[in-house]
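Visitor: Chain by chain, the residues:
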Amino acid sequence: MSDAAPKHIRTPLSRVRGLGAAHSGTDHFWRQRLTAVANIPLTIAVIVIFIMLLGRNQAAVPQIVGSPVVAIIMALFVISVAAHMRIGMQVVIEDYVHDEITKLALVMANAFFCIAIALTSIYGILKLSFGL
Amino acid sequence: MAATRAPAARPLSPHWQIYRPTLTMTMSIVHRITGIGNYFGTLLLAWWLIAAASPSSYAKFEWFAGSIIGRIILFGYTWSVIHHMLGGIRHLIWDTGRGLGPGEREWLAAANLIGSIAITVLLWIFGLLAMGGPL
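So the sequences go chain by chain: A and B. With the working numbering, letter number 72 in the first sequence gets 72, and the count goes up by one each step, no holes. With the working numbering, letter number 57 in the second sequence gets 189, and the count goes up by one each step, no holes.
Treat the hints with care, as some may be off.
Across the chosen pairs, the derived CB separations fall in these ranges [claimed, not checked]: (1) A:Leu76 with B:Arg152: 40 to 46 angstroms; (2) B:Ser145 with A:Ala60: 54 to 60 angstroms; (3) A:Leu76 with B:Met157: 33 to 39 angstroms.
Rough simulated footprint, nothing fancy, chain B against chain A, three-plus residues with beta-carbon under 8 angstroms [stated by the list, open to error]: (4) 30-38; (5) 51-65; (6) 77-87.
In short, the hints are calculated from the structure, not lab data. Even for Gly, the Cβ is constructed at its ideal location relative to N, Cα and C.
All chains should be modelled from the sequences, with the hints used to inform the complete structure.
Guide: As structure tokens, then:
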């Protein structure tokens, strides 16, 4: 530490609490766990939905996936998965891409991809539900 | 004075290739690879959901899903999702501070791999039987 008097009287502990180098603290860590826990029952439910659809034709999909409970489960699955995979891919990018501009571009592209996948899937679910 | 000197050749920390591969290390790498696989697999999910509204676009998806390459991709996607999910449960157990002992982490890693393969194969046997045969 320098000899100069501190510019403010906040302690280092109060500054670091909930923050850290990324200024977002353990937010990514926490949201990765939150969506991971949500993904477990949702993935099992989606596998059950796929099993229900096995051997059926196209007409059965709006009937089953378009029903309220299944549509809501599918939408929750898509939202949780998209949030989870956005964080996960960002960690992968930050681990392996060291050029600053390339890294920023890939982190952005990752965000766009995850949001686009989520919105496309939810549009599909809503179309199956309401037959737009 | 402030002459630029070549940085001293300091020892680097060994790269992962130096180490003898272990099961837990391999499974850590596989967890990341399956995560990346699942990431791009969502393209299939989005395609399926968008295609399901009309018979003609659904026929295109069914053609792909029923082809040999489509079947291989879907089988791999199934395993990747199941494996990543079981691996995630393993990580959640570790987050509580449990399962990190030498014996525990080995059998958790083995259970992860054996479990994911077993569940995937059972799901596909059941699925193919429900669809009335392998083709």
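Visitor: Does each hint fit the structure? Answer for all of them.
Guide: Comparing the hints with the structure gives:
no. : hint                                      : in the structure
1   : A:Leu76 with B:Arg152: 40 to 46 angstroms : holds (43 angstroms)
2   : B:Ser145 with A:Ala60: 54 to 60 angstroms : holds (56 angstroms)
3   : A:Leu76 with B:Met157: 33 to 39 angstroms : holds (34 angstroms)
4   : 30-38                                     : holds (count 3)
5   : 51-65                                     : holds (count 8)
6   : 77-87                                     : holds (count 4)
Checked against the numbered hints given earlier, this structure breaks none of them.
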